[in-house]
Structures are given as structure tokens and as C-alpha cells.
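S.K.: In case you want the letters, here they are:
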Amino acid sequence: MSYISFRDVKKIYTTGEVSIAALNGVTFDVEKGEFVVIVGASGAGKTTLLNILGGMDTATSGEILVDGLMISSYKKKQLTTYRRTDVGFVFQFYNLVQNLTALENVELAAQICKNPLPAAGVLTDVGLADRMKNFPSQLSGGEQQRVAIARALAKNPKLLLCDEPTGALDYQTGKAVLALLQDTCRKQGKTVIVITHNSALTAMADRVIRVKNGQIKEQYLNPEPADISTIEW
Amino acid sequence: MKQLRKTTLRKTAYREITSTLGRFLAIFGIVALGVGFFSGVRITNPAMIRTISAFYKEHAFFDLRLLSSLGWEQEQVDAIAGREEVLFAEGSSSFDVICKDPDDKDIVLKTHMLTTNINTVLLSEGRLPEQDNEILLDNESRSGYQIGDQVKLSDANDEDTLGHFSHDSYTVVGFTSSPLYINFERGGTSLGNGTVDGFAYLTADGYADDYYTEIYVKFKENPELYSDAYNDLLDARRPEWEELTEALAGDRYEKLLADANEELGDAKEELADKKAEGEEKLADAEKELADGKAELDDAKKELSDGQKEIRDNETKLRDGKKELSDAEKELADGKETLDFSKRQLTDAERQINDYDKQLKASKKTLDETDGKLKAAKKKLDENAPKLEQAKKQLIQAEQTLAESAKGIEAGELELAQKEKELQAAEAMGLLDDTSLAAAKAQLEGARAQLAAGRMQYEAGLAQYQKSILEYSKGQTEYEQGLSEYNSGVAQYRQGLARYQEGVAALEKAKADYTAGLAAWTRGYQEYLDGEQEYEDGRETIRDAEKKLADGKKELADGQVEYEDGLKEYEDGLEEYKDSKQEFDEKIAEAEEKIRDAEDEIGDIKEPDTYVLDRGSNIAYSCFESDSKIVSQVARVFPLFFILVAALVCMTTMTRMVEEQRSLIGTLKALGYSERDIMWKFSFYSVTAALLGCIIGYAVGIFLFPAVIWYAYQMMYISIPLDYYFDQVLAGLSLAAALLCSVGSTYLSCRLELLESAASLLRPKAPKPGKRIFLEYVPFIWNRMKFLHKVSFRNIFRYKRRFFMMIVGISGCTALLLTGFGMKDSIVGFSSAQYDAIQVADAEVAFKNGTRDKIPPSLETVLSEKTKAYTLLGSASRDLVTQRHVKNINLLTPAQENFTEFFRLHDCNDETRAFSLPSPGNALLCEAIAKRYQIGVGDKIILRDEDMNEVSLKVSGIFENHVYNYVIANPEDFQLDLTLAYVSFDKNEDPALQQTYIAKNKNVTYVTLFEEFENRMNNMMKSLDLVVLVIILSAAGLAFIVLYNLTNINITERIREIATIKVLGFYPNETAQYVFRENIALTVIGMLVGLGLGIWLHRFVMAQIIVDMVHFKVTIHGISFVYSIILTMLFTLTVNLFMNRKLDRIDMAQSLKSVE
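Order-wise, the sequence lines are chains A and B.
Using numbering that gives the first Met the number 0, count along the first sequence one by one with no gaps and you end on 232.
Using numbering that gives the first Met the number 0, count along the second sequence one by one with no gaps and you end on 1154.
Bear in mind the hints are in silico, worked out from the structure with no lab data behind them.
Simulated restraints on C-beta separations:
| id | chain 1 | residue 1 | chain 2 | residue 2 | range |
| --- | --- | --- | --- | --- | --- |
| 1 | A | L220 | B | I1083 | 57 to 63 Å |
| 2 | B | L753 | A | L220 | 54 to 60 Å |
| 3 | A | K9 | B | A1079 | 43 to 49 Å |
| 4 | B | Y1065 | A | Q171 | 35 to 41 Å |
| 5 | B | Y1065 | A | L220 | 33 to 39 Å |
| 6 | B | Y1065 | A | S72 | 18 to 24 Å |
| 7 | B | L753 | A | K9 | 45 to 51 Å |
| 8 | A | K74 | B | T1113 | 54 to 60 Å |
| 9 | A | K74 | B | L1031 | 39 to 45 Å |
| 10 | A | L220 | B | A1079 | 50 to 56 Å |
Positions of the beta carbon are idealized from the N, C-alpha and C atoms, including for glycine.
Whenever a hint applies, use it, and build me the whole structure from the sequences.
M.R.: Spelled out as C-alpha cells, the structure:
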């Protein structure tokens, strides 16, 4: 039994008489501790996939198992709890609360879970020990994203979901952030799922899932995941 | 191209509205509310004034009321009516009078003379009075009368009052409203309990006076009611009219004086006439009495004369009687003589007859011998001449005898004559006794002579007869010679001669007899006459006796008559004396009257005149001040609403522009002009504002006036409100709405439009987080949950929103608090008055009290039926300040325990109680003190109806809310006791006690303060509704502001909210995260609002001036609680409403880029 398992998951948006299948029977598995890259063009369905996996949305049909839990059958509240304890999100635009300092942003997440990691420690881990008391507007994009990662990590989640984490960052910073994510995966054994349209990133993944038109076009394990520093795009 | 572009732009603009309907409605709502409230409240006052103005105009409400202390006549009315600026002028009268209501209770009616052109009435039922005994009554306070009932004037009225009315009972013919009384205030009076219970109208003839008490004047101009134009007009005319009024009153004074003097002159003249007449009559009476007296005296004399005469007559009568008996005797003698003569005569007659027979026989013998004789005769003839000669001698003797018989006869006649004369003289009393005796003697002499004559005659006769015999003898001798001569012839001749002799003798005897008979007859006649005379004399005596008796009787009668006359005279004299006294008294009285009249005329003072304007009409003034409440509210509140509306528009539009930043950029990049872009946003806001303005205005100008008018109708006349569309106000509202919308759009867009298209297209840098001051207080900050920290940071982060929120929420709270506070103050004043100040249970007004005593029966009732009571004098006085004259109620407590019934304490310090003022000092109620800025230590002047002034020093200002009291020492006024404040035993039913006490004949009324309190509260219910309007408006305002702000708050932070939702915040946690700010802001706004509300409440209450009532500016604790709870409730309702919106926020939003 895989750590994460999608079985024939469909997501159909119905607007009036028009039904659009954002996901049309998606099936894949992810093992624990893997660094997964889900890649696809705009509109392929990868965000829908992320929403459903992150408990932000529910599937129309199909089964989703995470760590043995059937989250596809979860109600709204259970999904919230799932998001609260099991999932750490990293957004493309960081989504930090502007009114909170770096540390507080981390705490914001940490305060609501059962066994959070110490916020300051996590921030130190992501290399922001001396920026903890800064407000997001006082931080660079990379730093903000690192705060966001720290916020996700502090919850000590089962998996880390990253939506285009480098989309708003410049190349180098993006690389650094990705390195941090890879590092986290490797060192802490967290399951990290990165969603991106950048195929170049597939090289660093343990598992690559390629999505197209709401279906899995291909999925494979990368026998030799490259270090991020070696990847160029 | 341009056309096309605009179409597209328009499309986006339309769609914008439909897609953000909530926001659109928020602007619409706040503008509608703002404009509605603004225009509604603003228009209410003018609409009310227009309504009343129209009513006043329709009923020709007076402009001036002219009073003169001497009243007016038609002449003056005509003089005024004839003036150019005057439309109507009419004389009228008004008097207060106590009447009996159908329950036989005394009520005071203010009666007016029905006028035809001015102050025309609005008949509600029945008809106008036509007869002088008909009455039209107050429709609002009918006092239980029905049409057809009799309104009886009470005996309690003084005569002066009753003298004004031509009847003592009037028939109710209808009920009416009057422009003089557009509210329920009927004013005060000096009669009864001092309150007028209702007004009434009578016809001119319903009054007994021949003058008017007042003249109502209506000018031709009709400026807006209460307007400056009107006041200016009146101010401008006042001096002239005051002069005119004085002059006209002067005319009347002169005329009155002249009339009075004329009348006095007439009266004087009449008096003089009457006096003269009376005196004349008295003099006549006096003369008559004197005459009567003289007459009486005469009568008395006459009586005594009569008595004397009677005595004389008695004497005379006695004399007469004697005389008569003498005459009787004489008569008897005469009779005897006559009888003798008669016998003689009878003998003579027989002799004659015998002789006659002899003669006849002789004749026959003679005749037989004649032949024989004839021869012989020749012989005898020779002897014949001798015989013839003898015969001649005989005839001569016979002649002499006849002559002497004739002389006797004449003498007897004369004697009889003389006797008669004497008798007559005797009867007439002309002769005295002596002369009478002489006469009688004379008479006797004559009689004796006569008798002698007779006797001579008788002797003569006898002589004669002897001669005859001698002659016969000669004859015989002759015959013997003849016989001797001739046997036959001689014999014959002898016989014949004898015969002839016999015949002659017979003839002679016959003649003698005849003469004797004649003499006897004469004598007999004489005797008869004598007898007659005697009889006459007797008769005369009898008559005299009778006369005497009559005279005596007459005299007795005369005496009685005289005595009667005397008595009559004495009575007359008495009567005269009485009349004289009466006359003197009457004259004195009349003179006194004339002196009084003179004094009275001297007392006719130059008349005081008053030119009163409408301000003297209570209702007119009340309406102005009452409607001012609304206009004062209208002055403060709507501005507030407009301000909030502007702020709401501002924030909303700012938010909208911010949201559409990239769109602006895109449009700009596409080449749309700034104006076009501005138009798009303006279109949105202007559409919302315009719609809001129109709807708000339309609803506002009807709803608010309707509600408020409805409320005022509880106190004012029921006439439909004259709604009106005020273009200026509409324009103003529109301008305000447009200014709000366009202004806020412009301000919001301006900054954005300044930026380049490129920078607009880039997401706007989020507003940086900032440390707040709290963070520098680690003690607090560190203990706070960081979620709270977020809230706090957020609160201070968005300053405009913070400001908006504070303004909105505090405004809402302030309005609520003001509204509730108004209610508290308005409702509370009467309970403050009657539960804490006038703590007595009832007020008993009575009459017949003196300065220090009340009627004993009342004293008994009071001590029996009450637990305790205090007595005081009360009166109405004018408080005179430099600029104003204000009517107040003066109380002069007679007992120290007054303060147990009327708690007197400082208006600013409840713990500082006042004791009763000492002489020269007064306690003043706070309403008057505040209104006229009178302080402790100031002098006040109290003036009564007769303009007597008393100056007092204000020793304290006491809390008081109902009526305007001045409390002073009885020493200063010497009022009779007229009032008692009483308290009842807790176990007793006050209503029962009230009825019992009211039964006492001295009691004019008993008022339970509890009832009074209720009545006051009822009166103020109209304001309740106004308060409700304010509360509802405040609620509407709060709701819209909160909704709008929360809406903006959420939409602004939608990504943040989505993010925390993604982070796994449960819905309630999310809500808390968002609404904690709202709640915190609400709390802050509320705190500010409470402060603001206290201020606003004070301000509004200061504007509300209602006469007789001083509101207790107070806000109850519960009102604070209500305001807080309601504000919170609005916030929570809005939050609840917005929570659904939170739930609907798609978490996927978090993934989107920053817009």
C-alpha cells in the first residue's frame, strides 16, 4: 500500500449544462519520503490535483488514500483537520500574513497543530535566524518563500505540497528554495510534492507525474535524482 | 470608434453593478438612508409649519390683538378696519367663567365672541351658535357635554363675571376646533383651580356688555409662519400700531369720560329737578296742612259759634213759644168776639127774614088798600117832602156810619199789618226786647184805639138805628096824620110807608147784616189769619226746634268731623314729617351716588393698551418651540448621516478602485482616457447615489413627516399634514449625494490614475506590516495570543477603515444613546418630579381660606383622610426680566413641613437641601433660572395682575421639572391659603380618599400626582415616536456601516482568509480571526460613541424647550446597556451575515496571484 494513492479520481465542474472534467480518472501512487514533481502545462489539471490532494477541494469520484486514510470520503471538517495536521502548503505567492513577522507567520501555523516544531528552530533551519522579527514586506521574495516553507514545516506535516514554489522567484532564489525543499525531503524524510509547469525540475524528483488534459500522461520513478544545483533551465 | 468604445465601457460598468450588487446596495442604502433622514427630518419642520400656516391662513389667524383696559367700541374697530394694510379687523370679547359640567363639577371655560372673518372656527360637530343663548364648545375637551345640553354658569362666579353674560345657561349647539387653540394647552386663568378646561364660543349677544374686550387684526400680507419676513413685518408695524392703539383707546377714553360726565350732569340735573319737585310737593303739603289747620281752627270756632247760636236760639225759641201762647190767648179772645158777632149776625138774619115776611104780608095789605090809598095818597104827598127830608138825614147818617166802619176796617187792617211786621221782626231777631216791647205796646195801643173806634161805630150804629126808629115814628105820625087825613089812604100810606119803611129797613138790615157779615167775615178772616199766623208761629217754632235739634246734631256731627279732621291733620302731619325725612334721605343718597359717580369718573384712568402679536397665543408659541425640536434634531442628525454616507461611499469606492487596479491599468494601456475610466467608476457610484438619493428623498419626505406629525397630533389639532416637495432641499440632497459619490470616486481614482499603466498592471505592493505601540509593552504583548496580535495590528494598519469604523459605530451608539436618553429624559422628568421632588400624593385646592386658617370642615376632612398635609398659598405672577415677562407659579408655604411634600434641593447637587426662604428671598426653579440666566443672589421681580411688583433675592435654584415655580415667604405676599399637599396612608386607596376629600364644599379640586405623572407621560408620548424614529435610523445607519466595512474588510483580505483556511483554520477560528477586529473596533467605536452620545444628548436636550416642563437631562444605566447591546447586536448580525460570505470564500483564491 502506497503512502499516497489516487484511484481513478475524477473532478467534474458543472456550469449549467456544460460539464468540464478537470480530472478525468487519475490514478497514481506516491511512497513515503519521496520527492515528487507533478508537471504539466497550464490547464492540464495539476492545480485541481493539488487542491484535491491538499484537502482544499473534494473529488467528484474515485478514491484518495493518504497514509492509509481515505480522505476522498472526508467531510468538510475532517478535511480541515487533515489540512491542519497532515499537509503543509507552500504557495507560489508565499501567502504570508503581512501583518505578522516571519516568526509569527510560522507560529500562525504551528499554533493550530498537535505537535508542531519550534517555530524559531524551523526558521533557523531555513536560514532565517536573523530575520525572524521582520515583517514579510521587509523580506525578499526568496526569504518570504523560505518563511512560507518554514510555516509549512513547523506544522510537522505528513506531506509538503508546493504550488509553483519558484514561480514568483528569480532563477537563483528559485533554485535555493528548491534546494531547501529537496534538503527537507532528504533530511527529514518528508514527502514533498512540488507542482510545476517546469519540466526541468523533473530531473531532481524521485517520482515524476506528468499530467495532461486531466489525465496522467506518464509517471515514472527517477532512479538517479539529480541534485538541484546541477539542474539548469 | 468612440461610440463603440463607450458601449463596451458601459457594458463593463453595468456588469460591475450586477456583479457587485452588495457593494452597490451599500452605497445605495447609505445614500438613501442619509438623504432620507436628512430630507425627511429637514422637511418635517417646514411641512409642519406649512400645514399649520395653511390652517392659520384658512382660518384667518390674527396678526395683532389689540387690548385696552377700557375695552373697545365698534367705532374703533371700524377705524382699524378702514386702514389700508388691514384685511380684517373685528371686535371680540373673551371672559373666563366657571361652569357646571354635566356631573355638576366646576370647570373653567374660556369664552370667546364668535368672529366672522378672523380666527374662524373649524366645526367638528353640530352648528354654529345663532341665538344669544347658544354655545359652541371645545371639540378636544368636551367635559362630558352633548349637543343640546345646558352649560350652566356656576354660582361660584363673582357678580362681575356673571355681569358679562346675558344668560346664566347656554345650550350646546356644536363642537369645534379653533385656530386660537391648535394644541391641547388651554392656558391659565385666575378662576377655579387656575386651569382653563376648555374654550367656548358665544354670539355677540351672548354677552351682556356693550363693548369689546379686544380687537383682532389681520393684515393683507401673508408671509410664511414664524419666518423672519413675518417677524420683520410685525416689528416694522409695531411702533405705528402701538401709537394707533393708544390713540384709539384715548378716543374711547375721552368719549367714555364725556359720556360719563354728561350722564353725571344729567343725573345732577335730574336730582336738582327732583329735589325742587320734592321740595315743592313738601311745601304744598305743608301749606295744605296749614290750611287744614286753619280750617280746623275755623271749624272749631264755628263749632263754638254754633253752640252759642244754639243757645241763643233756644232762648229765642222760648220767647217765641211764650209769644205764641199769648197769641193763642188773643186768638181765643178774638174768637169769642167773633162768635158773638156771628150770633148777632144770625139773629139779625132771622130778624131780617121775619121782617121780610111781615113786609110781604104788609105789601099784600098795602096792595089791597093801594087803590084806596091812591086817592088818599094825594093827601099824603103833601107830607111827603118832610119825610123825604128826614129820610135824607138818615141816609146822611148812614153814610157817616159807613165811613166810620170803613175807618175801623182800615185801622184793623193796619193793625194786622203792624202785628205781622212785628212778628216778622221778632222772628228774624232784628229787634231787641225793648223795642219789641215798645212796638208791642204801640200795637196794643193801636188795637185799643181800634176797639174804641169800633165801639164808637157801634154806638153810632145804635144811634142811627134809633134815628131810624125815630124816623119811623115820624112816619107813623105822618101816617096817623095821613090816616087822619085820609082813612084808607092814610092807612095805606101808612101801611105802604111802613112797608116801604120795612123794605128799606129790611134793605138796611140787609145791608147792615151784609156789612156785619163782611165785618165778621173780615174779623173771622182776621182770626183765621191770626190762627194761621199762630199756626205759622207754631210751625216756625217747631221748625226752629227742629232746626235747633238739627243744629245740635249738626254741631255734634261737626264736632266729630272736627275731631276726625284733627286726627287726619295729625296723621297728615306725621306723614309729612316722614315724607320729609324720606325725601331728605333720598336726596342725600342720590347726592352720595353722584359723589360716588364723580369719584368713579375721577377713577377712570387713561387706558392701558396692549398690542399683542401671535406670540401671545400659547399654541402658536408652543407649536414653534415644539416644531423646533424637530428642526434642532434636523440640524444635528442629518449632517451626521451625510458624513457617514460620504465616508461609506469613499471607502467603498476606494476599495473598488483598488480591486480594479489592474483593470484600470489595462484600460489605460488600451488607450482609454482618464476621463473615461473615471466615468466608469463614477457611473457606478453616481448610479447608486442617485438611486439612493431619489428613493431616500421620496421615502424620507413622506415617512418622517408622517410619523412625526402623527406623534404631534397627540398634542396638536388633527388636521392632515401638508406634504411638500422642497426643490431646494431636493437639490441639496442631490448635490450632497453626487458630491459624496463623485467626490469619493474622484478621490479614490485620482491616485491610481496618476500611476502609469505598467505599474498599475503590476500588483500593488501589499501594505507593510507595522509594529504597534502595544508591542513595546512586552508585558502585555508577550502574553497575547499572536492571533490577537494580528487583529490588533490589523486594526491599526488600516487607518481609514479604522476611522470609518469608529465614526460609524460611535455614531450609531451615540444616536442610540441619544435616542434612549431623550426617551429617558422626556419620560423621566415626570417621575423625577413626582417620585423624588413633589413626593406628596395629591394636591388639594380649596377656597375660603385666609392667610393662616382654612375652613374647619376642611381641616377635619384633611386630618381624617390624610396621613399628613401641608398648607400653602399659591398665585400666578409674572416674572419680569429685562427682556422677557414670564408667567410663573408662586408658592408661599405656610408650614415648615412643606419640604416633606416638596423636596427642595439644589439643581446641581442633590444632597444640598434648601429650607424655606426667609422674607425677601425666593427659591427659583431651574428651568426659569437657566432660561433667563438668573443666578443665586440675583434680584427677581414678581408682578401681579395689577402691576404690583415685589422684588426678591434668589437664595437658591432648586431642581424642578414640571411647572415653573417660585417659592417665597408668605410674609412677602400675604396670600390666602389655597393649596394643600397631602400624603395618604399606604393602605388607603388614593382614588377613594380623593373622592372623599373632593366632596368637601370648600374643595375646588383634588389632583393625584400619580395621575398627573401619567398625564404628563401621555403628553410626551409624541416625542416617544420621534425617539423611535431616531433609534430605527441609528440602527439602519449602524447596519449599513458595519455591513459595508466588514464587506470591504473581507474582500480586501480575501487571500489572507483563504490562506488561513488552507492552513487548516476551522470556520469559527477563521471567523474569529476576521471578526475579532470588527468586535474590537465595535467596542472602541462604542466607547467613543457613548462619550459622543452623552454630549449629543445634552446638546439635543438643550435645544428642546417645552414650556412648563424642564427635562431632566439624564440617561438611565439601562439606556447605556441598550445602546451597547444594540450596537453589538448589529455588529453580530452583520458578522453572522458576513460569516456566510466567509464560508463561501474559495480556498483556491489563495493560489491566485495578488491582484
